[in-house]
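Start from the sequences and build out the full structure, keeping to the hints where you can.
Now for the letters of each chain:
Number of protein chains: 2
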Amino acid sequence: MPVPHQAQLVWQDAELAAIFHYDLHVFDSVAYNQTLNRITPIQDVNIFNPSQLDTDQWIRSVKAMGAKIAIITATHETGFAIYQSDANPYCMKVLKWRNGKGDIMRDFVRSCRKYGVLPGVYIGIRWNSFLGVHDFMMPKDGSQFQANRQVFYNHMCEGMTKELMSRYGDLAIVWYDGGGHGPELGGPDILPIVEKYQKNIIFYHNSQRADIRWGGSETGMVPYPCWGTYPFPYSHSKNQAIVFKCDNQLLKNGDANGAYYMPAMSDSPLRGYKGRHEWFWEPHDEQHIYPLDDLMKMYENSVGHNSTLIIGVAPDNRGLVPDEDVNRLKEFGDEIKRRYGIPLASVSGVGNMFSLNFKPAVKVNSAVISENITKGERVRSYRIEGKIKGKWRILSSGTCIGHKKIDTWEPQNVSALRLYIKMSEGKPYISAFSAHRY
Amino acid sequence: MPVPHQAQLVWQDAELAAIFHYDLHVFDSVAYNQTLNRITPIQDVNIFNPSQLDTDQWIRSVKAMGAKIAIITATHETGFAIYQSDANPYCMKVLKWRNGKGDIMRDFVRSCRKYGVLPGVYIGIRWNSFLGVHDFMMPKDGSQFQANRQVFYNHMCEGMTKELMSRYGDLAIVWYDGGGHGPELGGPDILPIVEKYQKNIIFYHNSQRADIRWGGSETGMVPYPCWGTYPFPYSHSKNQAIVFKCDNQLLKNGDANGAYYMPAMSDSPLRGYKGRHEWFWEPHDEQHIYPLDDLMKMYENSVGHNSTLIIGVAPDNRGLVPDEDVNRLKEFGDEIKRRYGIPLASVSGVGNMFSLNFKPAVKVNSAVISENITKGERVRSYRIEGKIKGKWRILSSGTCIGHKKIDTWEPQNVSALRLYIKMSEGKPYISAFSAHRY
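Residue numbers (the UniProt record's numbering), protein chains in the order written: chain A, 1 to 438; chain B, 1 to 438.
Just to be clear, a hint being listed does not mean it is correct.
It does not matter which identical chain is meant; a pair holds if it fits inside one copy or across any two.
Within a straight-line C-alpha distance of at most 27 Å, the following computed BS3-like cross-link-like pairs (lysine-lysine) qualify [what the hints assert, rightly or not]:
1) K389 <-> K363
2) K427 <-> K330
3) K427 <-> K238
4) K375 <-> K387
5) K96 <-> K196
6) K427 <-> K101
7) K359 <-> K330
8) K238 <-> K391
9) K375 <-> K427
10) K387 <-> K363
11) K422 <-> K363
12) K162 <-> K101
13) K330 <-> K375
14) K363 <-> K140
15) K101 <-> K391
16) K297 <-> K363
17) K199 <-> K375
Derived by calculation from the structure, the hints in this document are not laboratory data.
Set out below in structure tokens:
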């Protein structure tokens with residue numbers, strides 16, 4: 001039975017992560033348009049000038065949400081590296097800002113360490129508007145020139161990978177968006193470099209390896225069930241006809257019998273409400289910060305569905321997370337704690353039946369179940385029953401539990417609550433069955 | 001009658017200039033191959049590490065030759081800018097060398113000022129192996145992406161032009177190799193920027209303006225006659241069917257009746273002897289430094305043909321002009337002085353006949369004639385006669401004089417030497433008719 005390796009366990013236990021997007025166009029005073037951004041180089045790199053940059057403030061803002069992992073875009077689609085790269089000349093070295101010595105990656109990692117948040121890095125190599133790279137590739141004009149530039153670019157990406165994997169200590173995750181187009185596709189050979197320098201990391205992802213899979217949307221939610229197991233060793237770098245079928249169904253649901261442990265991520269930008277979906281800061285997007293209710297729905301449909309939720313936080317052109325975002329993140333963290341922080345009661349163990357007894361009866365509207373996933377996702381079918389006025393009534397039922405399942409129902413006065421596991425692969429290891437009321 | 005403007009006068013009076021080529025591939029330990037260099041990006045920009053850089057030494061080496069103007073390649077075909085550019089991120093800012101603060105353009109100009117040599121700059125924008133530019137153009141794959149990158153690149157070239165024209169004081173020349181592909185051809189609009197910041201500069205060149213013209217070869221020589229006048233306001237950016245006809249005959253000879261004053265340059269690398277022609281330093285090329293005799297032949301067939309001679313000097317990977325080159329440049333300068341430094345006698349004035357008398361008779365083997373070109377190139381036909389044993393004998397004859405004509409013959413004992421101008425456009429203004437023996 002597939003089980004998580006150490007980094008996957010950390011990842012699933014983290015439950016909440018944040019990703020910070022930061023790139024040149026935050027400063028361009030033009031409304032971000034991803035399609036245009038990918039094909040339009042930024043004329044003046046020195047627009048990048050976060051005069052009040054404070055990565056401590058970034059990390060505090062997401063720690064307040066409860067994030068255990070924070071990820072930063074070392075490069076995104078302009079190709080600009082927000083650190084002191086030797087491999088990629090288009091980096092902070094060229095800036096007037098901080099006299100060319102700025103290194104936001106370094107500052108970010110330091111802030112993470114300071115606040116006990118695990119740092120991770122996103123490396124965008126699929127697009128590079130500066131160098132003319134589109135979907136990993138130099139212009140396909142058939143020339144030897146562009147073929148040579150592809151070799152250069154691949155080595156440059158490998159060089160950045162080495163720098164980012166070797167300079168900043170242990171990282172929780174390295175995220176190649178769109179995948180790290182491997183050498184078999186004419187791309188860089190990044191995996192051996194990651195594996196050389198980071199022994200205990202979430203690698204996401206290429207056709208050779210993926211430790212998590214895309215959850216099939218950017219809604220911050222996965223449907224139910226969302227098995228942590230998956231039939232392929234890669235997320236969606238190959239077999240796309242199968243993987244993407246029926247609106248990414250396989251990515252979303254996983255496969256209870258999959259041979260690989262590869263849990264789904266759920267990601268969403270904080271600013272994704274009402275017609276916007278912005279990973280990057282833009283002025284006047286404050287009204288598009290998700291309301292608390294939406295965020296709680298995300299939480300319950302991601303973390304509560306055996307998936308880690310990654311919230312996109314967008315520092316502004318001052319170099320700060322705006323107050324509105326900071327406040328919402330804190331509200332979100334507070335509400336998670338209020339609902340799911342301290343249970344009314346909790347039990348753990350090995351077996352098919354777990355009971356919580358209340359004297360006197362208490363009002364309960366939620367249960368949280370966790371399997372000990374170091375033993376694999378064993379549960380195949382379960383139900384939760386409440387003893388209401390002396391009679392057992394089914395309050396909830398399901399299939400997959402995995403790292404965490406949250407069930408909610410209309411509040412009921414119960415004198416007992418029990419979890420009955422009807423079917424499992426081997427003995428079920430339940431690390432927590434908890435009752436909540438909110 | 002076309003006459004030189006102030007910068008052209010300075011240029012022609014300079015007679016000798018040097019151009020220093022310096023770029024990333026000096027450090028790549030690979031034999032330079034221009035065709036490959038243009039289409040092969042340098043993987044590691046930090047190979048650029050001239051640990052003993054001494055631009056004072058560069059300038060001393062060419063001052064010893066007699067150069068009045070020294071030019072440096074601010075960018076060449078890799079696209080790397082050897083100064084602190086804000087417009088072009090691929091510049092010295094990205095280097096480990098001098099902690100990213102190096103600026104060879106600045107050092108070079110300072111050294112020029114220190115030694116009383118006029119600085120000039122070469123800006124290569126036709127090729128850029130880093131950004132994928134070939135013959136001024138981004139890849140022609142028909143995409144909007146590459147069209148946008150062309151706009152970016154053109155603005156970047158304009159930005160570099162502004163930086164180089166505005167940051168380093170007055171420059172003697174700006175040299176866009178291969179021409180500054182103008183906006184009418186989809187290229188940058190550089191001329192207005194040059195004209196805004198440099199009121200008194202040799203602009204070389206685009207289809208709108210050229211203050212000198214290419215001499216039609218890189219031999220360091222022009223044939224005779226080589227009129228300073230030319231029928232077009234550009235060198236060879238247009239009308240190439242005419243300009244390049246018969247092995248660049250029009251560029252080489254000019255046109256006595258041309259409406260534009262645009263003297264021909266003569267350029268050659270110092271390391272161009274016996275099967276090599278190297279503007280850049282490469283190891284083991286010392287045996288390809290031109291012998292003194294070849295250099296003197298160049299001098300007499302360039303400066304002595306109304307053209308300014310530009311010698312290419314190649315600093316090595318230490319950042320120094322190698323001793324062998326330094327020595328040869330000094331020998332060259334010394335020999336020019338020995339032959340043409342102090343005349344046996346000299347005369348100037350307005351008219352058709354100029355005589356030098358010697359008592360007793362002296363051995364003479366050369367005469368140097370200069371027109372006052374602020375009055376235009378007026379002489380159309382002349383001859384030099386020597387009085388040998390009481391009889392006038394023709395020693396030399398020609399058509400064009402212009403800034404300088406050097407005639408040589410087998411040494412003769414003469415009691416007088418005279419210049420007779422047989423034909424001219426208006427009165428001839430002769431600023432010097434000098435006799436030499438060497």
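In rising order, the numbers of the hints this structure does not comply with: Violated hints: 2, 3, 4, 6, 7, 8, 13, 14, 15; rest satisfied.
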